[in-house]
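Using the sequences plus the hints, can you model the full thing?
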Amino acid sequence: MTMWMPAMGLLALILGGPAGASETISIEDLKVRSAAGDKNATRALAEAFYVGRGGVEQDYAQAAQWYRKLATQGDAAAQTSLGLMYARGFGFARDMNEARKWWSLAAAQNDPGAQHNLGMVYLEGSGVPVDLPQALHWFQRAAARGHVQAQRMVGLMYFEGDGTARDEVTGIAWLKIAADNGEEGAEQSLKVISDRVSADVMTNANARAAQLRTKSIDAGRRR
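Numbered according to this note's numbering, the sequence shown terminates at residue 233, and the numbering increases by one at each position without gaps.
Calculated directly from the structure, the hints in this document are not laboratory data.
It is possible that some hints are incorrect.
As the list claims (entries may be wrong) - Straight-line Cα separation of at most 20 Å, EDC-like style, residue types lysine to aspartate or glutamate; simulated pairs: (1) Lys41 to Asp69; (2) Lys79 to Asp69; (3) Lys79 to Glu38; (4) Lys111 to Asp141; (5) Lys79 to Asp48; (6) Lys49 to Glu38; (7) Lys201 to Asp190; (8) Lys79 to Asp39; (9) Lys49 to Asp39; (10) Lys79 to Asp105; (11) Lys41 to Glu67; (12) Lys201 to Glu178; (13) Lys111 to Glu134; (14) Lys201 to Glu170; (15) Lys79 to Glu108; (16) Lys201 to Asp177; (17) Lys225 to Asp190; (18) Lys225 to Asp177.
Dropping the structure here:
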């Protein structure tokens, strides 16, 4: 099953949410504030209906309505979440073309979840022909912004030579970065790979990982 990633704010709610997330939510108050242009209120409505919290019954159709309001205003996180709903068929029929459209808009604004999801679209050919170089392109953009699943995918693609020339050192380096960030799949891959490559390759990969970490930090400071 494809692991489509939600926007980071929604992911936090799914995993437990911020302090006060269990408090009763006044939907009518939020609707009034949203109508007055309060984007935070619109987001709170979308997330409350998506997750089902604060005394609000889960309702994907309602969540989609409020996410769409934000998404059409150019909100990258909402665009990522709306794309996720289309990909999963939450609130309406599953439509990967619509999912890809909204993720493309969010990815252009450097949303790493959307960039990862586009990578998966092109890796698996979900509504488009399989395009491994394009998949790697989006995984790399997300990886540079700290998306751990994308970091693992970049590592695997470089190690296996999928969408690019095979580069064991760079592949292992990205897997190390992902593993250091807590990505369990990367940890498992490293255990298998360590028996397949020389000690020199592992040493060079450690050095390469340090270079990539520095490059990512520098890029983050420039954003």
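Going through the hints against the structure:
| no. | hint | result |
| --- | --- | --- |
| 1 | Lys41 to Asp69 | 15 Å, holds |
| 2 | Lys79 to Asp69 | 16 Å, holds |
| 3 | Lys79 to Glu38 | 17 Å, holds |
| 4 | Lys111 to Asp141 | 17 Å, holds |
| 5 | Lys79 to Asp48 | 11 Å, holds |
| 6 | Lys49 to Glu38 | 15 Å, holds |
| 7 | Lys201 to Asp190 | 13 Å, holds |
| 8 | Lys79 to Asp39 | 17 Å, holds |
| 9 | Lys49 to Asp39 | 13 Å, holds |
| 10 | Lys79 to Asp105 | 19 Å, holds |
| 11 | Lys41 to Glu67 | 16 Å, holds |
| 12 | Lys201 to Glu178 | 14 Å, holds |
| 13 | Lys111 to Glu134 | 16 Å, holds |
| 14 | Lys201 to Glu170 | 16 Å, holds |
| 15 | Lys79 to Glu108 | 15 Å, holds |
| 16 | Lys201 to Asp177 | 18 Å, holds |
| 17 | Lys225 to Asp190 | 16 Å, holds |
| 18 | Lys225 to Asp177 | 18 Å, holds |
Going down the numbered hints, you'll see the structure goes against none, and every one checks out.
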